[in-house]
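S.K.: So the protein sequences, as listed, match chains A and B. Residue 484, in the working numbering, is where the first sequence stops; the numbers in between run on with no holes. Residue 484, in the working numbering, is where the second sequence stops; the numbers in between run on with no holes.
Treat each hint with caution, since some may be false.
[Said to hold, decoys possible] On the chain B side, residues computed to face chain A include the following (Cβ under 8 Å):
{"id": "1", "residue": "A303"}
{"id": "2", "residue": "Q304"}
{"id": "3", "residue": "L312"}
{"id": "4", "residue": "D363"}
{"id": "5", "residue": "F365"}
{"id": "6", "residue": "L366"}
[To be verified] Once the Cα atoms are required to be at most 20 Å apart in a straight line, the calculated EDC-like pairs of lysine to aspartate or glutamate come out as:
{"id": "7", "chain 1": "B", "residue 1": "K223", "chain 2": "A", "residue 2": "E215"}
{"id": "8", "chain 1": "A", "residue 1": "K223", "chain 2": "B", "residue 2": "D367"}
{"id": "9", "chain 1": "B", "residue 1": "K223", "chain 2": "A", "residue 2": "D367"}
{"id": "10", "chain 1": "A", "residue 1": "K349", "chain 2": "A", "residue 2": "E440"}
{"id": "11", "chain 1": "A", "residue 1": "K223", "chain 2": "B", "residue 2": "D204"}
{"id": "12", "chain 1": "A", "residue 1": "K223", "chain 2": "A", "residue 2": "E440"}
Because the hints were derived from the structure by calculation, they are not lab data. C-beta atoms are modelled at their ideal positions from N, C-alpha and C, and glycine is treated no differently.
Here's the letter readout for the chains.
Protein chains: 2
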Amino acid sequence: MRAIDQVSAMQAWSREVRGRDGLKVALVPTMGALHAGHLSLVTLARRHADRVVASVFVNPAQFDRADDLARYPRDLERDGALLAGAGADVLFAPDAAEIYPPGAQTFVTVEELAQPLCGAHRPGHFRGVATVVLKLFSIVQPDVAVFGEKDYQQLAVIRRMVRDLFLDVDVLAAPIVREADGLAMSSRNRHLAAAERAAARCLAAALAAGEAAVAAGERTAAAICAAATDELAREPLARVEYVALVDPDTLAAVTEVGERALLALAVWIGSTRLIDNRVLERRAP
Amino acid sequence: MRAIDQVSAMQAWSREVRGRDGLKVALVPTMGALHAGHLSLVTLARRHADRVVASVFVNPAQFDRADDLARYPRDLERDGALLAGAGADVLFAPDAAEIYPPGAQTFVTVEELAQPLCGAHRPGHFRGVATVVLKLFSIVQPDVAVFGEKDYQQLAVIRRMVRDLFLDVDVLAAPIVREADGLAMSSRNRHLAAAERAAARCLAAALAAGEAAVAAGERTAAAICAAATDELAREPLARVEYVALVDPDTLAAVTEVGERALLALAVWIGSTRLIDNRVLERRAP
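Construct all of the structure, not just a fragment, from the sequences and the given hints.
M.R.: Have a look at this one:
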């Protein structure tokens, strides 16, 4: 696996591989601190391209809190070893000054999709996400880009950006990878102390409670969200940021679960903010 | 000359011409209502590429006033004939719904450069410009794009966007083309009644007065802008929107003319808003 940290070198690699050799390139954008969820993205990318570029870039523009940015885990050596093992061909790990040089002032916003859910609690977050992903697309020129469904709203924002800006990139989504007890894998899980780690199970349990409510015949968002919220309320270490039932495409709040609805939640466990989601499908009666 | 009005057909043309044939493509984005200034952009584009695409798209997102959008001159047949005569290979003239289909919600902002001058008077204007130019770049995939220096701030915003987003496009600037009496060519000139047309000469005269002040040894922005403003004040039909001396790169106001400074102005003649600018250079004493 080749490691690249300069924009110009990354562009040159891509020109050569795509232009001269006619190969298909996939991009897996990450912020490092890799876990099995990230590696599943690399595996999916491999199946859809000849070469896989994984980027590791802790994007300052998408952090709404300085403390979160400061304590975001960084371990490039370990990340590189994991990516090589998963079959990545290039690790692109630029410095912040490569991506946001002095004077940089261009940003991309996706409007409605960035408003609800995490967008309502993390001002500027999705603007930072859309901007850095567009920059990475320009630099790497991927044919395919892979994102995880754990960051469901991020995936929706990026799909919308690709469509609206006529970008020539296929966006692929990879399912959430979970720990044995159901906790969605996240780089932030490593911030959890032992008791918090046990408590964090409540997110998956809340989604399961919402799903059980639907299976039991509940249709209203109020009842389904209440089932999830009640589950979270049983965990003393959990503080709910939001529990919402939304349209899986527009992310607009729904009052009833139709064919499909997305149950999404953000929960603080101590000083760590975790998110999770599940698409609920109404089965034919 | 080929006329294309669908995004997908434009993309297919570009893929073929660039990818298969390896030709260099230039884009000249316009809003139609073409004049000799636009045609000079096509001529410049021809010199830097094998194929020239001229787009004609009255971009709703860059109009801050509905009346301005409604009365913006449209004459696609005449535009097509002029572009063919000037040597364009493709006229790309999509409908607004092609570029902004229902649900489109992604926008590009260039922050500091869009604040002063026209940006202070036309809220959202440069956001609309940056967004549509990025979309056109995605669709046409030009190697080169040509813009006129009359819209100096627009040129600065686009250069910045290209740099910040690592777009693989060379931006070329073409000098302002003027009528015999100095009036900068503009599609909006055709709105001017005869007396207004005569009055509109005051913009170029004001720039010349500013330049004369520098030649006479004036150094302060206050004195140089006053020379221009005094000239405009002599024209009863003129209403000044702004007269400003700024750094040609950052567009930040300067208090003194250094090596180079940009004198820029926007003036209403009746219900028509006109802009013009000139780079002032201090000569060695």
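S.K.: Hints first: check each against the structure and report whether it holds.
M.R.: Okay, the hints, checked on the actual structure:
1. Checking A303/B against chain A: minimum C-beta separation of about 5 Å stays under 8 Å; hint holds.
2. Checking Q304/B against chain A by beta carbon gives a least distance of about 4 Å; that is within 8 Å, so the hint holds.
3. Because the closest C-beta pair between L312/B and chain A is about 7 Å apart, less than 8 Å, the hint holds.
4. Evaluation of the D363/B hint against chain A yields a held restraint, the C-beta minimum of about 4 Å falling below 8 Å.
5. Checking F365/B against chain A by beta carbon gives a least distance of about 4 Å; that is within 8 Å, so the hint holds.
6. Because the smallest distance between the Cβ of L366/B and any Cβ of chain A comes to about 6 Å, under 8 Å, the interface hint for this residue holds.
7. For the suggested pair K223/B and E215/A, the alpha carbons sit about 18 Å apart, so the restraint of at most 20 Å is met.
8. About 19 Å separates the Cα atoms of K223/A and D367/B, which keeps this hinted pair within 20 Å; it holds.
9. The hinted pair formed by K223/B and D367/A meets the criterion: a straight-line CA distance of about 19 Å does not exceed 20 Å.
10. Among the hinted pairs, K349/A with E440/A is consistent with the structure: their alpha-carbon atoms are about 16 Å apart, no more than 20 Å.
11. A threshold of 20 Å between alpha carbons decides the hint, and for K223/A with D204/B the separation of about 29 Å lies outside it, so the pair is violated.
12. Proximity of K223/A to E440/A is assessed by CA-CA distance (about 41 Å); at most 20 Å being required, the pair is judged violated.
The structure is inconsistent with the numbered hints 11, 12, although it conforms to all the rest.
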